[in-house]
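J.: Throw the hints in and build the complete structure from the sequences for me.
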Amino acid sequence: MADEIDTRPASAGSRGRPAHATEDDDREEGEIADDAPAPALPATHPLEHSWTFWFDNPQGKSKQAAWGSSIRPIHTFSTVEDFWGLYNNIHHPSKLAMGADFHCFKNKIEPKWEDPICANGGKWTISCGRGKSDTLWLHTLLAMIGEQFDYGDEICGAVVSISIGKQWKEFLDYKDSIGFIVHDDAKKADKGPRNRYTV
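So that you can map any letter, position 166 of the sequence shown is 166 in full-length UniProt numbering, and since no number is skipped, the others follow by simple counting.
Just so you know, these hints were derived from the structure itself, not from any lab. What you are looking at is a predicted structure, and each value in this text was computed from that prediction instead of being measured. Ideal placement from N, C-alpha and C gives every residue a C-beta, glycine not left out. Don't take every hint at face value.
Quick list of simulated restraints, FRET-style, between CB atoms [as the list claims (entries may be wrong)]:
#, residue 1, residue 2, range
1, 151, 57, 29 to 35 Å
2, 48, 135, 22 to 28 Å
3, 91, 29, 58 to 64 Å
4, 31, 79, 37 to 43 Å
5, 113, 43, 18 to 24 Å
6, 112, 40, 40 to 46 Å
7, 79, 136, 21 to 27 Å
8, 98, 39, 20 to 26 Å
9, 75, 121, 20 to 26 Å
10, 81, 38, 53 to 59 Å
11, 148, 37, 34 to 40 Å
30 Å max Cα-Cα, derived DSS-like pairs, lysine-lysine [claimed, not checked]:
#, residue 1, residue 2
12, 108, 123
13, 112, 123
14, 132, 95
15, 123, 95
16, 106, 95
17, 132, 112
18, 106, 123
19, 108, 95
20, 95, 112
21, 106, 132
T.: Written out as structure tokens, the structure reads:
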């Protein structure tokens, strides 16, 4: 009886090679194997709190609309990388339209006095020209989201507003202070009204 010879092809593994073949079998003589692991994704740097950027669009305001009705959330971020990805792709304060506001508040806190978390708080304000607004806004944001303030848990957020008083001073090339007096304050004042805002 004669030996039988199997003429069927061997079962193919990946890339058409026999199942018992290895990657080394496919290499040419002298070829260097690249067995380095795939690069790992870069690590992210989480922030202590998540934060939300909000924008108040002056074009979306109507005279009858309640204050805050045109404020819209832009994006929520929780890592350093997400912050820079957003910050580097939005307009900075010096490029905002008159009446526009940017808000950056802890996530789930609306930038309104009516929010229960903000209701019993207050605000610090600073006036500056457009030339300094970008730097002051960025440094304020970095200190706030980086938890650099001693009482960071008491801080809900920050706002940058472009007001007409500064623009008026620029038009006039006027260096002295300009004050804003609220009508109700003027009616109530015994010794003359005090400025509510000064630029």
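J.: Evaluate each hint against the coordinates.
T.: The hints, checked one at a time:
| no. | hint | result |
| --- | --- | --- |
| 1 | 151 to 57: 29 to 35 Å | 31 Å, holds |
| 2 | 48 to 135: 22 to 28 Å | 24 Å, holds |
| 3 | 91 to 29: 58 to 64 Å | 60 Å, holds |
| 4 | 31 to 79: 37 to 43 Å | 41 Å, holds |
| 5 | 113 to 43: 18 to 24 Å | 39 Å, violated |
| 6 | 112 to 40: 40 to 46 Å | 42 Å, holds |
| 7 | 79 to 136: 21 to 27 Å | 24 Å, holds |
| 8 | 98 to 39: 20 to 26 Å | 47 Å, violated |
| 9 | 75 to 121: 20 to 26 Å | 24 Å, holds |
| 10 | 81 to 38: 53 to 59 Å | 20 Å, violated |
| 11 | 148 to 37: 34 to 40 Å | 38 Å, holds |
| 12 | 108 to 123 | 19 Å, holds |
| 13 | 112 to 123 | 12 Å, holds |
| 14 | 132 to 95 | 12 Å, holds |
| 15 | 123 to 95 | 24 Å, holds |
| 16 | 106 to 95 | 24 Å, holds |
| 17 | 132 to 112 | 26 Å, holds |
| 18 | 106 to 123 | 15 Å, holds |
| 19 | 108 to 95 | 27 Å, holds |
| 20 | 95 to 112 | 24 Å, holds |
| 21 | 106 to 132 | 25 Å, holds |
Hints 5, 8 and 10 from the list above are not met by this structure, while the remaining hints are.
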